[in-house]
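A.B. asks: Taken in order, these protein sequences are the chains called A and B.
Here this note's numbering is used: position 20 in the first sequence is 13, and no number is missing along the way.
Here this note's numbering is used: position 34 in the second sequence is 37, and no number is missing along the way.
Read the hints as simulated data drawn from the structure, not as lab findings.
Remember, it's a predicted structure, so these values are computed and weren't measured experimentally.
Think of the CB as a built atom: it goes at the ideal place given N, C-alpha and C, for glycine as much as any other residue.
Hints are supplied without guarantee of correctness; some may be wrong.
[What the hints assert, rightly or not] Each pair of labels, with its calculated beta carbon distance range: (1) B:A78 / A:P34: 48 to 58 Å; (2) B:S18 / A:E5: 40 to 50 Å; (3) A:G35 / B:P66: 23 to 33 Å; (4) A:D54 / B:S89: 46 to 56 Å; (5) B:A78 / A:G89: 17 to 27 Å; (6) B:S18 / A:K9: 48 to 58 Å; (7) A:T101 / B:K48: 28 to 38 Å; (8) B:S89 / A:G73: 17 to 27 Å.
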Amino acid sequence: NFMLTQPHSVSESPGKTVTISCTRSSGSVAANYVQWYQQRPGSAPTNLIYEDDQRPSRVPDRFSGSIDSSSNSASLTISGLKTEDEADYYCQSYDGNIRVFGGGTKLTVL
Amino acid sequence: QVQLQESGPGRVQPSQTLSLTCTVSGGSISGGGHYWTWIRQHPGKGLEWIGYRFDSGSTSYNPSLKSRTTISVDATKKQFFLRLKSVTAADTAVYFCAREGGGFHLDSWGQGILVTVAS
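Given only the sequences and the hints, what does the whole structure look like? Please build it.
C.D. replies: Following this line, the structure appears as structure tokens:
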């Protein structure tokens, strides 16, 4: 099966913009929707982005998703960073009936 | 708003079977075209998809866990279940139940339950 590779950690200052990448090892990122989840310490994950770039209504528009077929990767961009955005972020996709999570990225807002 | 809640023993002996229940409230567990899913997270590690049971009754499991995993549903009780056989210390993790809806995303999650495999 395929893998989704994320950077282990990223950091940025409040008010800035950060982008987290998620690279698919095999198969087309464009052919299989990518989802993104946020997990704060001690809590269950919550969905931030689905179907590559769609946001649930409760998620602020500071969060956006995209895919890049040339690099076979997806990205999560968070603008206007807030300290409350400090969390772990996971991408997730699928191949047929199998679902796969990326290894997760720890975002530090300092 | 559907809510999910895991329950089960917090400790399981090695070689035994881990059995967890997820109780669904605020919505139906059948007829909605959902995938009733289990995910786990080893201490300090990332998320690992275990598998799902689809509304139709079909199942899909993580290939690395397939031989030991069964996910089933009792629609009358609005519950779904995880059974993981022959556990070892490597199965110690927080186990989450979740619902995958249209759009392939997990839109509702339980709070998670820590299961420790130890004698």
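A.B. asks: Give a verdict on every hint.
C.D. replies: Quick rundown of the hints versus the structure:
Look at A78 (chain B) against P34 (chain A): about 35 Å separates their beta carbons, and that is not inside 48 to 58 Å. The supplied range of 40 to 50 Å is met by S18 (chain B) and E5 (chain A), whose beta-carbon atoms lie about 47 Å from each other. Roughly 30 Å separates the CB atoms of G35 (chain A) and P66 (chain B), a value that falls within the hinted 23 to 33 Å. Checking the proposed 46 to 56 Å range against D54 (chain A) and S89 (chain B) shows it holds: the Cβ atoms sit about 47 Å from each other.
For A78 (chain B) and G89 (chain A), the Cβ-Cβ distance of about 25 Å falls inside the hinted range of 17 to 27 Å, so the restraint holds. Distance hint check: the CB atoms of S18 (chain B) and K9 (chain A) are about 51 Å apart, consistent with the given range 48 to 58 Å. Between T101 (chain A) and K48 (chain B) the CB atoms are about 18 Å apart, so this pair departs from the stated range of 28 to 38 Å. A hinted range of 17 to 27 Å is violated for the C-beta pair S89 (chain B) and G73 (chain A), which are about 49 Å apart.
Against the hints set out earlier in the document, violations occur for numbers 1, 7 and 8.
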